[in-house]
Amino acid sequence: MRPRAGAVGGGGVRVFGHTADIGLAVRGTTLEDLFAWAAVGLTRVAVRPPRRPRAAGSTGEAAGPQALAPRQIPVSVPPAPDPEGLLVGWLNFLIYLLETEGLAFGAGTLRARRETDGLWRLTGELAARPVPPRGLRTTVKAATYHGLRVEWSPGPTPENPGGGLFRARVILDV
Amino acid sequence: MGDEWKGPLRQVGECRWEIPASYKKAMRTSGLIYASPEMVKDILSDQAPEQVANVACLPGVVGLSLAMPDIHWGYGFPIGGVAAFDATEGIISPGGVGYDINCGMRLLRSDLTLDDVAPRLNDLMDDLAQTVPAGVGSEGPIKLSRSDLADVLVRGAAWAAERGYGWPEDVARLEERGALAGADATKVSGEAKKRGLRQLGTLGSGNHFVEIQVIEDVYDLVLARAFGLAKGQIVVMVHSGSRGLGHQVCTDYLAVMDLAVQRYGTNLPDRQLACAPVRSDEGRDYFAAMAGAANYAWANRTCLAHWVREAFAGQFGRPARALGLDVVYDVAHNIAKFEKHAMAGEPGLRRKALLCVHRKGATRAFPAGHPDVVEAYRAAGQPVLVPGNMGTHSYVLVGTEQALAETWGSTCHGAGRRLSRSAAKRQVRGSELRRQLEAQGIQVRSHSDAGLAEEAPLAYKDVDQVVDAAERAGLSRRVVRMRPLGVLKG
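As they're listed, the protein sequences go chains A and B. Residues 1 to 174 in our numbering are what the first sequence spells out, letter by letter. Residues 1 to 490 in our numbering are what the second sequence spells out, letter by letter.
If you're looking for bench data, these hints aren't it; they were derived computationally from the structure. It is possible that some hints are incorrect.
[Said to hold, decoys possible] Now the stretches of chain A that chain B is said to cover, found in silico as 3 or more residues with beta-carbon under 8 Å:
{"no.": "1", "stretch": "76-82"}
{"no.": "2", "stretch": "128-140"}
[To be verified] Sample of chain A residues with no beta-carbon within 10 Å of chain B, all distances over it, derived:
{"no.": "3", "residue": "GLY12"}
{"no.": "4", "residue": "ALA69"}
{"no.": "5", "residue": "THR116"}
Note that CB positions come from ideal geometry on N, CA and C, so glycine has one too.
Please build the complete structure, drawing on both the sequences and the hints.
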């Protein structure tokens with residue numbers, strides 16, 4: 001699962017304005033795909049797009065692949081009563097990583113599941129990309145529960161003719 | 001800022017509008033919004049009144065679900081919302097405090113006048129921008145150890161003053177003397193603590209600011225004198241809160257409460273109102289952590305005031321004490337507290353009940369004589385600090401007996417937002433706004449033009465209207481009005 005700019009396999013994310021804040025409209029073919037796309041949306045809101053590497057011999061802020069070598073981070077998200085709560089917990093974990101470690105989501109190997117105690121848990125590992133100095137553009141305080149939803153549309157869907165699609169909306173407090 | 005609200009709103013007095021308890025089956029009491037008739041159209045333009053009704057559905061609510069004249073949409077509770085819950089049977093809700101726990105205002109006075117500052121304003125603003133860490137992801141020069149942080153969480157402003165980031169006498173002029181009792185550092189998560197280690201003494205971003213102002217109007221000479229204020233005097237207003245630590249405490253406990261809601265079988269009209277019985281383990285833990293974050297915020301504003309004093313001292317070549325840069329007061333406007341209040345309807349209002357009062361985007365406004373007003377102002381009443389926006393006035397108000405009787409001693413906290421951040425950015429460019437403000441004689445320093453545009457004056461309601469409505473409703477009275485000279489935006 002490595003979301004890139006634009007839709008891949010039906011997944012994607014759109015950033016929209018909401019009251020004082022910002023929302024993410026996310027879609028994914030699986031819950032894990034949905035979570036990864038939500039992470040892409042959060043990064044888009046909080047982090048300036050990486051600069052293109054300058055021509056050889058030029059000076060300036062390093063932004064090449066070596067400067068942005070990812071770090072593997074184990075996922076740590078509190079259990080939640082439903083996928084919606086898990087999505088909020090996931091995004092808040094990423095907000096914490098951004099603020100304390102200067103790391104943004106790059107890619108991830110995630111597993112979301114409902115366990116026997118009835119709670120949803122998210123496990124796995126993410127490849128986190130260091131954000132260059134001055135790379136943050138917006139302080140995101142938190143992902144919120146306001147108007148939060150995660151819905152499953154059985155396939156085929158226009159975005160994923162081969163199957164169904166998860167859709168989510170989540171508002172970020174900025 | 002969103003869909004227009006279509007519910008019932010009935011005028012029940014001057015600047016008083018009721019949402020009847022019959023509006024929703026789950027409402028346990030009525031809602032009451034304080035606003036002048038000319039403000040109602042704006043208030044109905046989003047779902048904030050629905051949030052007033054939602055708060056009225058929460059278990060153990062005492063009295064009415066209240067909203068101050070600067071009401072606007074928030075997460076769970078509206079901004080401007082005030083609600084009290086029985087300290088035994090009621091709930092406590094992180095959504096009733098907000099993400100920025102103890103976001104609040106501090107005001108410094110000075111012995112300087114406009115004539116002293118005007119010729120140096122440009123340099124002074126440059127010095128402030130250098131001295132006060134501000135902007136997205138800002139970190140400051142204060143590096144806390146984990147044991148320092150544990151002290152900050154319990155002792156608040158006193159910790160900062162003892163370390164030389166403030167004056168010993170400062171704490172006597174802060175709400176709660178800068179430390180809310182009941183804080184427990186062990187209830188603040190490791191994640192929250194990590195966010196707090198490098199951010200003490202930083203302004204942050206969003207609507208946080210440091211503003212140099214001149215007192216332009218004095219409405220009550222006696223009270224102004226009691227607060228150490230006079231016409232033509234230079235003052236400095238600081239707006240900030242508990243930074244990432246407070247955000248993380250709110251986030252952590254919303255997740256805890258999200259599960260607690262199921263455990264205690266609480267029905268909620270909005271998941272963002274997640275709460276727990278105030279006497280449950282979850283409720284007690286949240287209060288202890290929230291109090292810790294509140295104390296971090298008081299320490300933060302103490303450090304910010306210290307940077308302000310340093311910038312002034314450097315620019316004027318005299319110690320800050322010689323410039324008279326004393327604290328006037330410091331108020332929290334996002335907090336929950338246990339307070340004893342007289343119960344309306346009781347003969348002589350003699351019976352007092354212990355309540356958990358949530359103020360979210362609302363300021364405590366206790367009257368003269370109240371034992372919780374700091375000694376220096378007990379005869380005058382509690383100062384209330386109300387910022388406008390960077391293009392308009394700010395105010396110092398005073399609390400009233402009527403506020404104590406009607407709103408658990410609460411009034412407005414600011415102008416109140418009327419445009420979304422994105423809508424504000426669509427209407428004005430940061431660079432253009434900077435030019436407009438400078439044409440008005442207001443110096444602006446900001447780390448981001450986009451951030452500046454988000455906080456444009458056009459994004460806010462008219463603070464004069466807000467303060468006027470609060471006064472007509474008897475919740476607070478004007479003491480002085482300030483005009484901005486220079487704004488350092490977070």
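Structure-inconsistent hints, enumerated in ascending order: none
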